[in-house]
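> Chain by chain, the residues run as shown.
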Amino acid sequence: MKTFGLSMLILGLLLPRTTAAAPPLSDETEGCLECHETLHPGIVADWRRSRHARTTPAQAMTASALARRVSAETVPNNLQSTAVGCAECHTLRPAEHADTFEHNDVRVHVVVSPRDCAVCHPEEAEQFSGNLMALAHRNLTANPVYGLLKAAITRSSHPLTDADACLYCHGTRLVLEGRQTRETEYGELEFPVIAGWPNQGTGRVNLDGSRGACSACHTRHRFSIAMARKPYTCKECHVGPDVPAFKVYTTSKHGNLFSANQHEWRFDEVPWTAGKDFGAPTCAVCHISLVVNTGGDVLAARSHDVKSRLPYRIFGLPYAHPHPRDPDTTLIRNASGLPLPTDWDGRPADGYLLDAAQRAEARRNMQGPCLACHDRSWVDGHWKRFEHVLGETDDAVRAATEKVRAAWADGRASGPEKGANPFDEWIERLWSDGWLFYANSIRFASAMAGGGDYGVFAQGRYHMSRNRAALGQAEAAARTP
Amino acid sequence: MKTFGLSMLILGLLLPRTTAAAPPLSDETEGCLECHETLHPGIVADWRRSRHARTTPAQAMTASALARRVSAETVPNNLQSTAVGCAECHTLRPAEHADTFEHNDVRVHVVVSPRDCAVCHPEEAEQFSGNLMALAHRNLTANPVYGLLKAAITRSSHPLTDADACLYCHGTRLVLEGRQTRETEYGELEFPVIAGWPNQGTGRVNLDGSRGACSACHTRHRFSIAMARKPYTCKECHVGPDVPAFKVYTTSKHGNLFSANQHEWRFDEVPWTAGKDFGAPTCAVCHISLVVNTGGDVLAARSHDVKSRLPYRIFGLPYAHPHPRDPDTTLIRNASGLPLPTDWDGRPADGYLLDAAQRAEARRNMQGPCLACHDRSWVDGHWKRFEHVLGETDDAVRAATEKVRAAWADGRASGPEKGANPFDEWIERLWSDGWLFYANSIRFASAMAGGGDYGVFAQGRYHMSRNRAALGQAEAAARTP
Amino acid sequence: MKTFGLSMLILGLLLPRTTAAAPPLSDETEGCLECHETLHPGIVADWRRSRHARTTPAQAMTASALARRVSAETVPNNLQSTAVGCAECHTLRPAEHADTFEHNDVRVHVVVSPRDCAVCHPEEAEQFSGNLMALAHRNLTANPVYGLLKAAITRSSHPLTDADACLYCHGTRLVLEGRQTRETEYGELEFPVIAGWPNQGTGRVNLDGSRGACSACHTRHRFSIAMARKPYTCKECHVGPDVPAFKVYTTSKHGNLFSANQHEWRFDEVPWTAGKDFGAPTCAVCHISLVVNTGGDVLAARSHDVKSRLPYRIFGLPYAHPHPRDPDTTLIRNASGLPLPTDWDGRPADGYLLDAAQRAEARRNMQGPCLACHDRSWVDGHWKRFEHVLGETDDAVRAATEKVRAAWADGRASGPEKGANPFDEWIERLWSDGWLFYANSIRFASAMAGGGDYGVFAQGRYHMSRNRAALGQAEAAARTP
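Residue numbers (the numbering used here), protein chains in the order written: chain A, 1 to 481; chain B, 482 to 962; chain C, 963 to 1443.
These are computed hints drawn from the structure, not numbers from a lab. Every residue gets a Cβ at the ideal spot worked out from N, C-alpha and C, and that includes glycine. Incorrect hints may appear among the rest.
To be verified - Simulated coverage check for chain B against chain A, where a stretch passes if three residues somewhere in it have a Cβ under 8 Å from a Cβ of chain A:
#1 725-734
#2 754-766
#3 774-782
#4 844-856
#5 865-877
#6 950-959
Isolated chain A (complex conformation) (with noise of 0.2 Å):
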């Protein structure tokens, strides 16, 4: 008996957690199952090894507040005991999708939205919806100086090269073209063609008009937590040199750290414990994820609206500034009327930005996972250099679109008041080199303690120098009789 006991405690140690008794599956699920399993092998086999595969919205809604993964108060009956399959998020609310179609006698959907998602974890849904990010798609097309950027740089305005660049990370605007029928191993089938799939971005538009893809994060079929909070996922779009988030944590004590030891963490937990759980915050702990320590205490709260701990936006246009407080950043006006977050002297555009007291309450909910490594002083040293930086990268952007300007009032350069793009000719592209690449990479080496390479030799100082001394000799040379 003793050794049977021991046996079986080994094994369970051995035996990976996956194998606790899997719920039951519904028979709509079953159906999918038994074409797709072999046709589709990756994505089942990801979905099998994800919660959705091994729990049911009920046994979810069991836990205790902190615990919670799933947020909703209640969920309809008919979902609550099966696992979260393939027929639970494809076949939900079939007459608000464009592209529902019949498929073996089920009314499926290709595309899952952040309203399904939903369903079961509303409060997420909803904190997302109040992201910048969730109107990413919007914020760049409908935004007409950003859309003069956009021309600048890709030079095309064809809807297969904007999927394929920027909106590839703020998402395509999806649209039902039609039906097409296709030869399949089963015969013919029908199936809805869809323009701009595929499509992962942040900000997509979906066929049921609601904005954002879940799955650019908790990548599809596993919609983990764990991978969510491993800064890979961020790496997506936030690599660089317009955001150089990746590169500078990978460079940082924080990163190094994350680097070396994150085989001794656990990426799954909720509530996630400083300290027991991780030993260096990720992307997820200083922006998004609820973080507790070994008490129990909650140093901060979950939240997918990540202004809830941005008192700034540093990513500069072309200014650092307050953050936004709509997600909707097309609605903005500056002084001069631009839909721009600061004028061009800088000034921000104030009444749509985070006022002293939002900025003061996001950089206290920041700072909460800080605190679980670092005391006061550490904390205020770190801050006070990032908020001196922010001041210095500024002037630095400031001098430089004083001479663009001046060189548009002289007619060197053709800008905005006489239609032209902004962003196009010579001297406007070392500009833009300045405050899109390096005062950002400046800043967010900064902000993200990554220091040394990043914020001097890789995209930072040096560069923003050589730039002004670039600046400089196209004048210069401008001049020359």
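Fit chains B and C to the supplied structure of chain A, relying on the hints for placement.
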């Protein structure tokens, strides 16, 4: 008894697989190990962990067709029943290796070549010889146009520079220069002196006249399939900015899945099962490996001739083009009679490149593994974008090439018509930046769905359009009286 | 009984080693933990996983010579028999630390210095003090030439900028500014206010007058040898493009082996056995660690003075040169009387640099670990290429330097003879790009056999020759009447 059986089971689970009874070693290999186990502990330890040390060819040949790692129908009798040790490879075909020398009464050669490996792995060696990579030395050094590019880049023709630079990846030509006597721990010994050594480039010209180095990817002395299947191996030569495959991969959704989940994957299985053994493609999945689905159906046949899955060569010289048919690209002649796959205006050197039917077959082969996780509409949507991007990047390269040809025509630069190097003057360098770095980066980002930063900001479209402005600026400066 | 013994064996294998009976804590440390375990769970958890928490100095001193991690002959009695906890480090030598303050009746200092660590690790502290890195603050800030370079790069002399930029790696000078009373969870408490804090740069000037920060590499509060041996630690300061060591490493064969196989390696063993504990060098293997072969012979002695294995300094200022003898490089005078290791034409400041015999010894020391996997001909072949590349890159730097000196001579730029900053004008920036980024990248790629993309296309030879064309273009433009 029950306890004992259980203990064995547990120990079996706990102990590394390498403890399975090791096969006998040949007397010759025992002799090598007597000294080299202490002299070179690193490589001996690697070999002891290798399959070569843990299996005999006879055992390896009993595997079923899909599981076989040895492609030979028969292996010489004397090699069948011992481990594949030092002597088994380093004493093969002594008369054919120019570096064979007497070493403690054994005739040993230093450089093991693909022809040696072909004793057990003839299919892989044969496929590899059909690969551009096998000819990488010749394709660079025997092409006069690429020779000019190499000269413009390295500004040196010293063999030590070549070996340190281009030929690190392309492979050196090994030449026996003589013999040398060295004082060693075991007294005076004579060794061959080999120019071009060390080198593990894929196109190395060996001392038996063969081409290639299996150890480029199957790193000595473990010669591991697992390591070759991880993207770090390909990164040795394909990191950028000319061929930014690794950078794009790790930023893509596929690379994110690899980075986050690789600790759960099995890189050593043959055949390699999508979903079961791995959850997203690495380089090898798409380009080389035998991949099956969970039903055992072949999704992609193994081939070390990568063009079997490559309709295009997207590394532009200067344009993207259908993949060359023959691995020896020095045979190509474009319409102007130059050994280039396209003409200056982008017209492909048709007779030398894959035709439409061959491209369609290569595309089909490449898409096999895609369909393990994606439906047809996803895959087609991806390829449509990719092929659109090929046209668009070629258009951008064409516009830049026209500017340079105009400079050659009107004497602002000295072009090939004047016998000058077309790659060394300032305007020519700007032009090279465009096709060698930026157009290539855009294409790799598109091909591998790496989108985001690599297709736009990190040497992508931002830099391509900036390059256009720089070329325009250079033109304007030249025109100033 | 048999079953029980087996169970213990198995549990021993399954449980992490940290559960070995923990040594007693001092009363003072128990006192610290009472509050800080909850206040700072991250660093307390790190410390609990550390060897400091799991061993006493007395136990550590029983290890055999090669296995010892503590180099002190004797340790003060009061420290011998408890774990090395909070109080053991933060209360040492209170009178010598300017930041010592009363904290709940204990005299605590915030900043632990190498002189504190030297109580148990005197050899390492002594060696480190002979290292350029220990003087990194002074070598940058007290050298007037480098001061001009810093000014040209950062365009700021603000201490917050310095701390965020260059001194992040070089180390800040810590200065006690006063005392501050803060409201805490435990009521009002007084703390020291320290300018330059936080900082973990290798050349930090501490509040006890000592130099350095052991935590730069042995990250607090685990102070792990394993983490310091992984390349991510070195990456914090050596990533590029000025010192692209990490980028080159991960692209080299050695880095590929590390990336693919590190999960099988043992990073915590002392001594560190080639083949058994690791399969390829990390930074530490070549530059610092005690490395032995499987027979226990020493292949490289441990030294925290990295010049013991470095014949050259390949980080050119602006030329590569024999490694400086004295860690204080402000003492160097070149033939022109400047504090630079070479003259403008490349002539080394001989009396201040390693001589031929010292270089030969350093080379021999460095080659010890090479020979664990490579025979003499491989190693010699590698070094021959590397030393050839030093000459070739110096030639390229010399050609560029002559162009800049000509510009200084004829007034196209204002050089040092006129008291001007030699690093801030456009032609000077082009020149800096060449020696600071491109020549360095080529040398690092060669030194670490990273070849391929980093030596050629990623800030290597391609950019070095392009830089030459850019300088030529700038010259031609200046000559245009």
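> Are there three or more residues in the stretch 865-877 of chain B whose C-beta lies within less than 8 Å of some C-beta in chain A?
holds (count 7)
> Three residues or more, CB to CB closer than 8 Å: is that satisfied between the stretch 754-766 of chain B and chain A?
holds (count 6)
> Are there three or more residues in the stretch 844-856 of chain B whose C-beta lies closer than 8 Å to some C-beta of chain A?
This one holds; 5 residues, not fewer than the three required, reach chain A with a Cβ under 8 Å.
> Taking a Cβ-to-Cβ distance below 8 Å as contact, does the stretch 725-734 of chain B have at least three residues touching chain A?
It holds, with 4 qualifying residues against the three required.
> Are three or more residues of the stretch 950-959 of chain B within 8 Å, CB to CB, of chain A?
That given contact holds, which follows from 5 residues of the stretch 950-959 of chain B lying within Cβ reach (below 8 Å) of chain A.
> Are three or more residues of the stretch 774-782 of chain B within 8 Å, CB to CB, of chain A?
holds (count 4)
In the structure shown, no violation is registered for any of the earlier numbered hints.
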